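Those sequence lines, one after another, are chains A and B. Using this note's numbering, the first residue of the first sequence is number 1, and each one after it goes up by one. Using this note's numbering, the first residue of the second sequence is number 330, and each one after it goes up by one.
FYI, nobody ran anything at the bench for these hints, they're computed from the structure. Since the structure is predicted, the reported quantities are computational estimates derived from the model, not experimental observations. Check the hints yourself; a few may be wrong.
Calculated cross-link-like contacts (lysine-lysine; reagent style DSBU-like; alpha-carbon spacing at most 30 Å) [to be verified]:
1) Lys214/A x Lys420/B
2) Lys502/B x Lys420/B
3) Lys495/B x Lys420/B
4) Lys214/A x Lys237/A
5) Lys187/A x Lys495/B
6) Lys218/A x Lys420/B
7) Lys218/A x Lys607/B
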Amino acid sequence: MNQGNPSRDGTPGGRWLLGLLLVVAVAYPLLVSSNYAVDVGMFILFTAFLGQSWNIAGGFAGQMSFGHTMFFGMGAYCSAILVVTYGINPWVAWALAIGVGACLGAAVGFLSFRFGLRGSYFALITLAFAEMFRVLADSAAITRGGLGILVPVRQGFDQLQFVDGRTFYYIALGLCLAGLGIAGWLKRSRFGARLEAIRENEDAARALGIHVLKEKIKCLALSGAIGAAGGSFYVQKYLYIDPHLAFSVARSVEMLLVTMIGGAGTVFGPLVGATVLGLLGELTRSLSDAQGLSLVIYGVVLIFIIAFLPNGLISLLQRRSRKAGGRNA
Amino acid sequence: MDFLLNAVVNGLMSGAIYVLVAIGLTLIYGVLHIINFAHGALLMLGMYVVFFLVTRWGLDPYLSLPLVAGAGFAVGYLLYRGVIGRFSHGKDENILLITLGLSIIFENAALFFFSAHTNIIDLDYTDDIFILGEIFIPYTKAVSFAAALVICLVLSLYISRSDLGKAIRAVAKERHGARLVGINVETVYALSYGLGIACLGAAACLLMPSYYVSPTVGHSFVLIAFTIVVLGGMGSFVGALVGGLIIGVAESVSGAFLGEQLGQIAIPIIFILVLLVKPTGLFRGAQ
């Protein structure tokens, strides 16, 4: 489907650029004055982190999912239920939610892949899983049905609630960096190489002695853990979750979109996609208040990317840096 | 007992419309071997067309059926020629993503132009009911049941008898062989896609008198249609027919026993179970 560029950021120029971007990201909330701008930045970083969850399954291993919001929703509900109903500390709940997300990923992976579901069939079964969770969350007592769960306001570091939006921004930045770190590690590790082999040709990978089922389950567990971590963060930031927020098709699609548009199977793809789509969304919102316009544009961008730039926007940057590298050499 | 009987009959009635939605999907899958994720969004557009025909021009939904189905055929043909076939570079994942992109565009364009309101149409016969023993049957559902079955029959006769139908089946079975004997495969793809969307146009006309339309109404039909197609066997007409009726009844019965909310869980659970246990479905597909 796409090949990650092995030369990544090996060039000193690339490293400088990354350092500069990091400095800008750290300084951003101190430079802008409005809380709204900080929130926009936070949301971009957070979306990039969620996109990384999709990227690991759909990009690195080629297991395209249409229901990735199930991990997000599971993490969000775990956190909310543990904190509100059982009075567990939010930090502990966060860690537990990540564990539950990993287990869910492993379970979904085991069920789907053991029966040899591939390609479009896997996309459909994840869609069905997410829908099943939505219906369950809508009718179960523990999730309080359609009313959703409201987390009481108890500000303080130990409660993982902050008055200042900047604190959440920096947590989102940390999450995003962690996601990039995991993806970067995948690019270099043997595990990541095995996943890419499975993506390119599953039968050939099996013939080479790769335990395809085991690798795919591990991959979905990792992906699920990241998605659930995002869900937990969401609950602590917005202090509310309901079945529609947790398990909507729209969020699954958003996780897929940012990754596909940025560049699936690359380390920085989700971040590039989330930044571009986030800014595009802000731009259209400033032009028109009507709902739906920004998503129409996202859909058009998706089709154009698939038609003309199958490796995502990031391949534009890579092409340029390759050219520049060639000139230097 | 009447309670259960009523649920079963009602399920069969809605099942017939599901069959019509699913037959378009299974036709497209059987011939093009792609999953048309834009199916729900296109059905939604069809329903809006019917809605505006009724509210603006007072055209009866049942009378507008040939018109909407014909328009559906044209839209499907052009979509395949202009977007799906052209941009997918022959890769299945790309087609899946492009049809996803189309559904995002259609749904949000509908949201933009028509707002998120839920619309219903009010006809003289909307509330008419006839009673058969202990069973209550809404007039609109009975009409759509009969019409959906007739359309499915006509379509399968057309596919099995006509020249185009033969070409479609030839391409479905062996696309390279079909090309060698002089069939224009790309045209057959576009025509099949058009026929699939024409089914959606017909389904929209039959649905509207007893249903509502909103920009996201397609979502619920996407999962239902995929469940039917997978349950019946991808690409199989008989499978879509049997699967559609089964799903209609399952949905209605589980709704009757588990309640409005939890009853919806029947569809995703059947879907997951079929995919896990027998992903080839009940009947063998056209390929």
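Hints versus structure:
| no. | hint | in the structure |
| --- | --- | --- |
| 1 | Lys214/A x Lys420/B | 27 Å, holds |
| 2 | Lys502/B x Lys420/B | 19 Å, holds |
| 3 | Lys495/B x Lys420/B | 25 Å, holds |
| 4 | Lys214/A x Lys237/A | 35 Å, violated |
| 5 | Lys187/A x Lys495/B | 49 Å, violated |
| 6 | Lys218/A x Lys420/B | 27 Å, holds |
| 7 | Lys218/A x Lys607/B | 25 Å, holds |
In summary, the structure is inconsistent with hints 4, 5 from the numbered list given earlier, while agreeing with the others.
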